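Trainee: So that you can map any letter, position 175 of the sequence shown is 1000 in the working numbering, and since no number is skipped, the others follow by simple counting.
Calculated from the structure, these hints are not laboratory results. Check before you lean on any hint, since a few could be wrong.
What follows is a list of derived Cβ distance ranges for each label pair [to be verified]:
#1 Asp1117 - Gln1066: 37 to 45 Å
#2 Asp923 - Asp1151: 19 to 27 Å
#3 Ala1165 - Ala957: 24 to 32 Å
In silico SDA-like cross-links for lysine to any residue, where the CA-CA straight-line distance does not exceed 25 Å [said to hold, decoys possible]:
#4 Lys1123 - Gln1060
#5 Lys991 - Ser964
#6 Lys1123 - Asp1100
#7 Lys1123 - Lys978
#8 Lys947 - Asn986
#9 Lys1123 - Asp1010
#10 Lys978 - Val883
#11 Lys885 - Glu1172
#12 Lys1123 - Thr1110
#13 Lys978 - Gln1060
#14 Lys1123 - Lys947
#15 Lys1123 - Met1087
#16 Lys1161 - Phe1184
#17 Lys947 - Ser892
#18 Lys885 - Asn986
#19 Lys885 - Glu902
#20 Lys1161 - Thr1137
#21 Lys991 - Ala1012
#22 Lys978 - Gln1139
#23 Lys1123 - Cys1104
#24 Lys885 - Gln1060
#25 Lys978 - Glu1146
#26 Lys1123 - Val883
#27 Lys885 - His1116
#28 Lys1123 - Asp994
#29 Lys1123 - Lys991
#30 Lys1158 - Ser918
#31 Lys991 - Ala963
#32 Lys947 - Ser964
#33 Lys1123 - Asn986
Note that this is a predicted model, so its numbers are computed, not measured. Even glycine gets a Cβ: it sits at the ideal position worked out from N, Cα and C.
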Amino acid sequence: MGGMVSALKGKKGKKNGEAGGIQRTPSATGAERKARRLSVTGADSTIFPNEGDRGNTVEKGNNAFLSFSALSSAGYEPDMVRKTNQDAFIALSDFGSDKVSLFGVFDGHGACGHLVSGFVVKQLPLLLNNQALQDEAASPSEGAAPVVAMLTKGFEEVNNNLERDKAIDSSLSGTTAVGGVIIGDTAGLRRIVMANAGDSRAVVAQTNPDGSCTAVDLSDDQKPDRPDEQARILQCGGRVQPLTDEDGNPIGPSRVWLPNMMLPGLAMSRSIGDDVAACVGVCATPEVLVHDLTPRDKFMVIASDGVWEFLTSQQVVDMVESCNGDADAACDKVVKRSLAEWRAEEEVVDDITCLVVYFNHTPGA
């Protein structure tokens, strides 16, 4: 049971919702809240006594092409005791030069989830070929194929390195990973290349003729009951089904299980780490999307599912848009709204991380 709790404690019960986001649903039942508490906190969370310190991590920066702000806030338990923040992020506006920027959000889960997400943040930039990225910025290739291949290999290599690192037990711990590069040395020829493994999410805001913004997802949540993902897990001998209560009623989202054991109970179908889940088809290979930037693209948001649990992509874009280009205020607004949603709906609060990048399409102007 302890291993099961450790496996569950990273991922909550996502709801099926509208395209590009998660719809808010009525308050959870007592049984669902109990399952949610296990998924967010588990039995082995490292906790700290000072709830007054929210454990916020803040970073911001800029270059000729963009400005950004990132805010990560630790969750807490019903007794108002804060746990370790298992989220981590990468925010490098100049990755070798201002022509390449590297951003990502990583949502750890399991007893060692904070160690796994921290490992990925340290390792992933080292596994990317910076010179090749600078060459791609100067001379873009068709479909950014070299960058797609590099990010895919980077995710897979960091996963392999983690498995070999005996200092971190990743058997029932792992992390989501959504991240990539903004690349190009000329306005009008810049791209976002975004890789995703798990259910954190990236979204870009595009302006409309009436001045409003429309959310366009740069990643697709990889859930065990997504038909293509479920087919892979079943082919590898795994099971896909939700937890059930004492009466056999389903609780929360579909999860990945071993064929004859109630392990690991992972509520996503791709991740870095999670060695036990990897035995039944959960993998670190990301899906990669290439988005050509245009003047319509106003900003990008990358966030952990502490944000997306109760807010749609469009709701988040609308909140950021209301901050009139202030990335610090935008992150603060999204995190505070997410916190309020958790407090209204649940007895726990998940770790919440939001990274906002504003684009400058006229550098030097």
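Trainee: All hints, please: hold or fail.
Mentor: So, going through the hints one by one against the coordinates:
1. In this structure the supplied range 37 to 45 Å holds for Asp1117 paired with Gln1066, their Cβ-Cβ distance being about 40 Å.
2. Against the hinted window of 19 to 27 Å, the Cβ-Cβ separation of Asp923 and Asp1151 comes to about 21 Å, which satisfies the hint.
3. Between Ala1165 and Ala957 the CB atoms are about 43 Å apart, so this pair departs from the stated range of 24 to 32 Å.
4. Between Lys1123 and Gln1060 the CA atoms are separated by roughly 42 Å; this puts the pair beyond 25 Å, and the hint is violated.
5. Annotation: proposed proximity of Lys991 to Ser964 is violated, straight-line Cα distance about 41 Å (limit 25 Å).
6. Taking the CA atoms of Lys1123 and Asp1100, the gap is near 39 Å; set against the 25 Å cutoff, the hint is violated.
7. In summary, the hint linking Lys1123 to Lys978 is not supported, as the alpha carbons are separated by about 30 Å, beyond the 25 Å threshold.
8. Straight-line distance between C-alpha atoms of Lys947 and Asn986 comes to about 12 Å, which keeps the hinted pair within the 25 Å bound.
9. Taking the CA atoms of Lys1123 and Asp1010, the gap is about 18 Å. The hint holds against a cut of 25 Å.
10. For the given pair, Lys978 sits about 29 Å from Val883 by alpha-carbon distance, which is inconsistent with the 25 Å threshold.
11. A threshold of 25 Å between alpha carbons decides the hint, and for Lys885 with Glu1172 the separation of about 31 Å lies outside it, so the pair is violated.
12. Proposed proximity of Lys1123 and Thr1110 is contradicted: the alpha carbons are some 29 Å apart, above 25 Å.
13. Between Lys978 and Gln1060 the alpha-carbon distance is near 24 Å, which keeps this suggested pair within the 25 Å criterion.
14. For the proposed pair Lys1123 and Lys947, the alpha carbon gap of about 29 Å is over 25 Å, so the pair is violated.
15. Restraint check: the Cα-Cα separation between Lys1123 and Met1087 comes to about 45 Å, which exceeds 25 Å; the hinted pair is violated.
16. Of the supplied pair hints, the one linking Lys1161 and Phe1184 holds, its CA atoms being roughly 24 Å apart against a limit of 25 Å.
17. The straight-line distance between the Cα atoms of Lys947 and Ser892 is roughly 22 Å, inside the 25 Å bound, and the hint therefore holds.
18. Taking the CA atoms of Lys885 and Asn986, the gap is near 29 Å; set against the 25 Å cutoff, the hint is violated.
19. Between Lys885 and Glu902 the alpha-carbon distance is near 29 Å, which puts this suggested pair outside the 25 Å criterion.
20. At roughly 15 Å between alpha-carbon atoms, Lys1161 and Thr1137 fall within 25 Å of each other, so this suggested pair holds.
21. Between the alpha carbons of Lys991 and Ala1012 the distance comes to roughly 45 Å, so the proposed pair goes past 25 Å and is violated.
22. About 31 Å separates the Cα atoms of Lys978 and Gln1139, which puts this hinted pair outside 25 Å; it is violated.
23. A threshold of 25 Å between alpha carbons decides the hint, and for Lys1123 with Cys1104 the separation of about 41 Å lies outside it, so the pair is violated.
24. As the CA atoms of Lys885 and Gln1060 are separated by approximately 44 Å, the hinted pair breaks the 25 Å bound.
25. This hinted pair does not check out: Lys978 and Glu1146 have alpha carbons roughly 35 Å apart, beyond 25 Å.
26. Proximity of Lys1123 to Val883 is assessed by CA-CA distance (about 22 Å); at most 25 Å being required, the pair is judged to hold.
27. The hinted pair formed by Lys885 and His1116 meets the criterion: a straight-line CA distance of about 23 Å does not exceed 25 Å.
28. This hinted pair does not check out: Lys1123 and Asp994 have alpha carbons roughly 41 Å apart, beyond 25 Å.
29. Annotation: proposed proximity of Lys1123 to Lys991 is violated, straight-line Cα distance about 43 Å (limit 25 Å).
30. As the CA atoms of Lys1158 and Ser918 are separated by approximately 22 Å, the hinted pair is consistent with the 25 Å bound.
31. Under the criterion of a C-alpha separation no larger than 25 Å, the hint pairing Lys991 with Ala963 is inconsistent with the structure, at around 40 Å.
32. With a C-alpha separation of about 28 Å, the suggested pair Lys947 and Ser964 falls outside the 25 Å cut-off, and the hint is violated.
33. Taking the CA atoms of Lys1123 and Asn986, the gap is about 36 Å. The hint is violated against a cut of 25 Å.
In this structure, the hints that do not hold are numbers 3, 4, 5, 6, 7, 10, 11, 12, 14, 15, 18, 19, 21, 22, 23, 24, 25, 28, 29, 31, 32, 33, in rising order.
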